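Visitor: Count the sequence shown with our numbering and you get residues -14 to 70, in order.
Source of the hints: derived by calculation from the structure; they are not laboratory data.
Everything numeric in this text was worked out from a predicted model, so none of it was measured.
Among these hints, one or two may not hold up.
Unchecked claim - FRET-style restraints, in silico, Cβ to Cβ:
id : residue 1 : residue 2 : range
1  : Trp57     : Arg37     : 16 to 26 Å
2  : Ala29     : Ala59     : 34 to 44 Å
3  : Leu52     : Val7      : 36 to 46 Å
4  : Val(-6)   : Thr28     : 16 to 26 Å
Just so you know, even glycine gets a beta-carbon here, dropped at the ideal spot from N, CA and C.
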Amino acid sequence: MGSHMKTTVEIADALFDAARRVADRERTTLRALIEEGLRHVTTARREPREFRMRRCTFKGKGLSPDLAGRGWEAIRARAYDDHGG
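Make the full structure from the sequences, and use the hints.
Guide: Here's what the structure looks like:
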């Protein structure tokens, strides 16, 4: 293992009691539960990855021929045709 740091943390009584029951039931320590929880949170909250839209297609033949090769503005104008936006 690596080095360890001792610290004091204030935990709400109800949460402490629930965690103690889980630790007893799973035959582990409160320390192990806290470390597991912190690992989970620090992993989940890493720097966000760049958003990537999943690839999806719809039945059909793609864009209307008059929109093929044109930019987003033309597509948007068609979508909102006289509806604002």
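Visitor: Need the list of violated hint numbers for this structure, in ascending order.
Guide: 3
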